[in-house]
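Visitor: Each chain, written out:
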Amino acid sequence: MSNVLILVEHAAGTPKKTSLAGITFGQQLAAKSGGALHLLVVGKEAAKAAEALKAFGAAKIYVVDGPAFVSYSTEATCAAVEAAAKACGAKLIAAAASSTSKDSFPRLAIRLGAGMASDVLGIVDAKTFTRPMWAGNVVAKVEIATEVKICTVRGTEFGPPAAGASAQVEPLNVAVDPATFKAKFVSFKEIKSERPDLAIAARIVAGGRGTKGAEGFKLLEQLADAIGAAIGATRAACDAGWVANDLQVGQTGKIVAPDLYFAIGVSGAIQHLAGMKGSKVIVAINKDPEAPIFQVADYGLVADLFKAVPELVAELKKG
Amino acid sequence: MTHCIISPSLRGDPNDNPKAKEGSTVKILVTVKMVEDPEIKIKIKADGSGIETDQMKYVVNPFDEIAVEEALRLRDLHKGEVIVACVGKKDASQQIRTALAMGADRGVHVLTDDFLDPTVTSAALAKVVGDEKPDLVLMGKQAIDDDQGQTGAMLAERLGWGQVSFASKEVSLESEEEKAKKPAIQIANNVAQVTREVDGGFETVALSLPGLITVELRLNVPRYASLPGIMKAKKKEIKELQLSAVTGGASAAVKILGMTPPAQRQAGIKVEDVPTLVAKLKNEAKAL
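Chains W and H are the protein sequences, given in the same order. 91 is the number that the working numbering gives to position 91 of the first sequence; each next residue is one higher, with no gaps. Count along the second sequence from 1, add 319, and you get the number used in the working numbering.
Derived from the structure by calculation, the hints contain no laboratory data. It is possible that some hints are incorrect.
Unchecked claim - Covered stretches of chain H, going by a simulated chain W footprint (3 or more residues, C-beta under 8 Å): (1) 392 to 406; (2) 490 to 498.
Said to hold, decoys possible - Once the Cα atoms are required to be at most 35 Å apart in a straight line, the calculated DSBU-like pairs of lysine-lysine come out as: (3) W:K182 x W:K192; (4) W:K54 x W:K141; (5) W:K184 x H:K398; (6) H:K408 x W:K280; (7) W:K212 x W:K192; (8) W:K141 x W:K212; (9) W:K212 x H:K360; (10) W:K212 x H:K601; (11) W:K280 x W:K54; (12) W:K17 x H:K605; (13) H:K558 x H:K498; (14) W:K32 x H:K574; (15) H:K408 x W:K277; (16) W:K212 x H:K558; (17) W:K307 x H:K599; (18) H:K364 x W:K280; (19) H:K408 x W:K287; (20) H:K498 x W:K280.
Computed from a prediction, not measured in an experiment: that's the story for all the values here. Beta carbons: idealized from backbone N, C-alpha and C, even for Gly.
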């Protein structure tokens, strides 16, 4: 009978799609533990986000708002989750893996004497989970041996949450003084894109070293725009500054699982494969027929991308 | 167990160094973990109890190498000392030597043969930090073996320090700024200004020191150890401690019950040309 608490992130009151997978995980976990599902939303317009999350069968949705929660702060987030866990007696605390949960949850784990499993792929029982190690080359079955258990969850492994009974929304007062924070927010620079969000896009066009530079990526962008896809990249392409850092797909970047993934000029290093091999359909375009990417591709085209991609764009425009 | 043989002028301990009080020197503790070479394929033992270690090569966790590089750049700018801390097997002294050869001043090695659990590692490192009293702890954001990514934040909580995860920089690794080997982390008046990579953009945070920072891939390009650096590293001190003596009774919070390979994807087909590809995607895969 362990209660479950899920932190759900939102942007100006709209729940983030990537974060909803955490609720799905919470629903499954509550079913295994026999406890009740509780949700937590934090920050400006959290009450609006709570309204949008009412129909997922949670017992309660805690709303934490106030001056300390306007910008992200590790210390404020830990305090909010700790307070909500205390309020509902949660022994299982989780969220979809994100820069917020990856930063704050390990800190919270020490505070609560909890063990933590990162990037969980599946639930075995209320204390046993599967998670990736060595860039996803190993799936480990792990048992969290502590009474309180914390997980971050790989969003692509859990679909959208099921509808359920309406939740009760409850404001929660968390007294923290931003003046005492040891790490203080200074500024945020948003990377804006006209294209779909990489993490949740149904289609992705990704480029690697073979694109040879920002110019090569222009071709990929034309393809992306022709099919309404997001742009992704390998670590090498991001390191070289050809595209923004947050477009990196792989072990150390974003984990994606779109319906269609174009890997263009991508050799297929295991670190990259770790981030995209859950895609439904993979297309590889590479001039090296021996490139490892062809071993995971449903459709491979051995060709020079500088010829094949414009041809592909033209073919798609024919309709 | 011997203590460091380093000139007191290189110490950045604010308690005994008047220069540190002006905020001019910085004592940095940076952690390194011995991990499997990411270029070598990981094979799981037949009984699923672990991975095959025959003919395995080991390296410094790539994220930690970036942390070492940033520590060295900060020391070269502000003066002070870089201490390399490692929790791991006896063989991991090789990874400490690598960091010393890059230019770190001395090492602390917490010896254990156990598979490292972040709860235990962070407890051991908390003891080391308590003894060394650095101004700043720099760590990789995750180790590429267990991929847990927890030890940094856990250590910060144990110390009661502020933390900044995923330190990065906006400019590329091929920028002039990077080529000039300047530290991306800016320290002045006991505050470190750090830019971190977060979902959807970059966030800048002011971290009061002492504090802890974990680093992303794109913070810098780590240097190679020079030959003179390798020679010098052989003479640098590595203090050894036993894990059981420094964890304060912390035990592994997560047990690994077994390992299996991930589901394998079947290789598909090669297509002749672009029109065939488009036709297959439309009619067969129904993906367009």
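Visitor: Need the status of pair K498 (chain H), K280 (chain W): alpha-carbon distance at most 35 Å?
Guide: Roughly 41 Å between the alpha carbons, so the hint for K498 (chain H) and K280 (chain W) is violated.
Visitor: Mind checking the alpha carbons of K408 (chain H) and K287 (chain W) for me, to see if they're no more than 35 Å apart?
Guide: violated, 43 Å
Visitor: Do three or more residues of the segment 392 to 406 of chain H come closer than 8 Å to chain W, measuring C-beta to C-beta?
Guide: violated (count 0)
Visitor: For K212 (chain W) and K360 (chain H), compute the direct alpha-carbon distance and say whether it is at most 35 Å.
Guide: Answer holds: K212 (chain W) to K360 (chain H) is near 27 Å, not above 35 Å.
Visitor: Please verify whether K364 (chain H) and K280 (chain W) have alpha carbons no more than 35 Å apart.
Guide: Holds: K364 (chain H) and K280 (chain W) sit about 29 Å apart, inside 35 Å.
Visitor: Assess, step by step, whether the Cα of K408 (chain H) is no farther than 35 Å from the Cα of K280 (chain W), and give holds or violated.
Guide: Cα-Cα ~41 Å, so violated.
Visitor: Holds or violated: are the alpha carbons of K212 (chain W) and K601 (chain H) at most 35 Å from each other?
Guide: Between K212 (chain W) and K601 (chain H) the Cα gap is close to 29 Å, so the pair holds against 35 Å.
Visitor: Take a quick look at whether K408 (chain H) and K277 (chain W) sit within 35 Å of each other, Cα to Cα.
Guide: It holds: about 33 Å lies between the C-alpha atoms, which stays within 35 Å.
Visitor: Hinted pair, alpha-carbon criterion (35 Å max): K212 (chain W), K192 (chain W). Please report holds or violated.
Guide: holds, 24 Å
Visitor: Could you grab the alpha-carbon distance between K182 (chain W) and K192 (chain W) and see if it respects the 35 Å cut-off?
Guide: Holds, at about 29 Å.
Visitor: Just to be careful, I want the Cα atoms of K141 (chain W) and K212 (chain W) compared with a cutoff of 35 Å; is the pair within it?
Guide: violated, 40 Å
Visitor: Tell me if the straight-line CA distance from K32 (chain W) to K574 (chain H) falls inside 35 Å.
Guide: Within the cut-off at roughly 20 Å; holds.
Taken one by one, the earlier hints fail for this structure at numbers 1, 6, 8, 16, 19 and 20, listed in ascending order.
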